[in-house]
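With chain S held as given, fit chain U onto it using these hints.
Chains as they are written, first to last, in our numbering: chain S, 1 to 204; chain U, 1 to 418.
FYI, nobody ran anything at the bench for these hints, they're computed from the structure.
Keep in mind that this is a model prediction, so the values were computed, not measured.
Fair warning: there could be bad hints in the mix.
Said to hold, decoys possible - Covered stretches of chain U (in silico footprint by chain S; criterion: 3 or more residues with CB under 8 Å from a CB of chain S, positions within the stretch not fixed): (1) 11 to 24; (2) 204 to 210; (3) 230 to 237.
Claimed, not checked - Some but not every residue of chain U turned toward chain S, in silico, with C-beta under 8 Å: (4) Leu43; (5) Ser45; (6) Leu46; (7) Val47; (8) His63.
We put the beta carbon where it would ideally sit given N, CA and C, even for glycine.
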Amino acid sequence: MTVSEELLVKRASKGDVGAFESLVTTYEKGVYALAYRLVSNREDALDVTQEVFLKAYQALPKFRGESRFSTWIYRVCVNASLDYLRKKHKMAAYSLDEPLALKESSVTRDVEDDSENVEDAVELKSLGEAALHVLRDLDEAHRVIITLSDIQGYSYQEIAEILGISMGTVKSRLHRARNMLRRMLPSEQLGTSSVKPDERRERS
Amino acid sequence: MSCPSFQEMLSAYLDGELSPEEARSLEEHLAVCEDCRRELEELKSLVAALGSLPPPEMPLGLHAAIMGRVRSEASTGFGRFRRVLPRWTLRQWVPAAAALALIVLVSATFGVWYANRKQGLDLAGHPISGGVGTQVLKDQGSVASDIKAAPPQYSAVSPQVRSSGAGEPASVAPAGKGGESSSVSAGAGILATGTLQDVQRKLIERAQVSLEVGKGSVQRAAEEAMNLVKVNLGYVESSSLSQSGQPGKESVTFYMVARVPQENLDKTIQAITALGKTLRHDTSVQDITDQYVDLDARLRNKQEEERRLLQIMGEAKTVGELLQVEGELSRVRGEIESMKAQLMLYDKSVAMSSLSLTVVEEGTVKPPVPSPWRDVWNAFVNAWRSLLMFVAKILPAIITLGVLGGAALFALLRRKTA
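So here's chain S without its partners, still in its complex pose (with noise of 0.2 Å):
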């Protein structure tokens, strides 16, 4: 956490809106990101993203700097989410009016128009988008980890802050969650890609 970051946490705790706009500015984009990865629909992450906010907000006098403010926020927002899921689905089995209308959602809409580079891009797309699919299937702590790691590109480092477990959980469980992902998806998908692993993108 940068000296001028530090401040503007420690304002916005004492109820200065402004400094928390600051905040806002620089990590919505982030949060919106990290829970639209997990909700896998715009309308609930934009509610799951407003939620968050205001729970920082309310809950930001108890936040001591024990931790960095993104790792903070980020935990607020995976378990925002995963709080938002569990209640849309409880909901969902005592919904008659539209059973099972959540599962498949939003498959198409999860895939976004990239121009730049097309073959690599359609190539991509449709085991990035196959990917995305099984991840569903996937239980919560599996699914988050692979989020935060694969999709969002947080480090081992990072992550284990976030989660709140040690650096070797995140490692194992990892581990096993693209081995459990692997194994959903048919080889020949996985063996076409051209991708280095260099090649990720570099975010966080």
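Just chain U now, kept in the frame of chain S:
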């Protein structure tokens, strides 16, 4: 090292999270193991595919939506308030709230007890025997006798009260025994009028008795009980004799509801309980003095109105006026009738105590021991009733304090934010 343990390292290798030694040994293995190589390739493309997913575009207006909610929380929400209050955790709040609730409960109980003591009642609102009530009432210039003595004495004056209901002046002369004045202050209603009238308390007594008698003697006990009611100038409202159970194990139960003059109730119960073994004997007293006095006063008002209307009717000039007055008159008379009926019902309930009796055969019924849970429940209900009474009484004080406290808090908030 074997393939599985290398496989476990693949994922971390991909992320560059292996130590140089680990990475070297894995690379050596990969050079010779095609399976692991393929697995690494597959993981690579999977991770690459996921990593190349374009980040979702943040919708326009999200920032405004977030800040809108944060601002409304900051200005109106609890947040502002909470920043002033001590930052306690739930663990600290719970005992504090519990302590506060305890204080309220204790003071409520004490307050109700004190208020009732003034009126000569115990915590549950029942009359207490002994002179506690006397002391307090003396301060109000009225001589109170032991309240337990009131019911029997009341019945002696009940005809007078009834006649007052029919339009006579309402002042009811206390029917003293041996010249002793035995009236009890009738409570706020009367005191407030300024004319400190002596009004007899109106108490409705109810008794419930359960008896157990020997096998086959239920019927005889029933006859004797009904007889005892008649001897004591009462009457039986309803009675039933029923048989139940399997053949060979039949049991007879007798049930009756009777009305007995209040002064004879104790005597009657004593005689009836002598017929068998008493399983249960409850009596309760309901004080209806306030309602009675209130109704009586309203009745007199209506009667006054009736007289006035009659006067007006005599002076009426046109048919229209006459009809109008007549309409009013019939409405007032209807109200008077229903009030009289209600008063008579009160009189009857006060004069004639209700006595319900159950007679069962020996051994057929487990004695209905008054359950401790019922007592607990009753105590609970009474406590809440008392609490509500207390809250109603101190509400004005609370509102005043609330306004003052709110003002203080507001000032504090302003100082903090300034």
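Comparing the hints with the structure gives:
1. Under a criterion of three residues with beta carbons nearer than 8 Å to beta carbons of chain S, the stated coverage of the region 11 to 24 of chain U is upheld, 5 such residues being counted.
2. Coverage of the region 204 to 210 of chain U by chain S is violated [criterion: at least 3 residues with CB-CB distance below 8 Å; count 0].
3. Under the rule that three or more residues need a Cβ within less than 8 Å of chain S, the assignment of the region 230 to 237 of chain U is violated, with 0 such residues.
4. Satisfaction of the interface hint for U/Leu43 is found here, the shortest Cβ-Cβ separation to chain S being roughly 6 Å, below the 8 Å cut-off.
5. Given hint, U/Ser45 at the interface with chain S, holds; its Cβ is 3 Å from that chain's nearest Cβ, closer than 8 Å.
6. Evaluation of the U/Leu46 hint against chain S yields a held restraint, the C-beta minimum of about 6 Å falling below 8 Å.
7. Because the smallest distance between the Cβ of U/Val47 and any Cβ of chain S comes to about 5 Å, under 8 Å, the interface hint for this residue holds.
8. Below 8 Å, beta-carbon pairs count as interface contacts, and U/His63 has one with chain S at about 6 Å; its hint therefore holds.
This entry does not satisfy hints 2, 3, going by the numbered hints stated previously.
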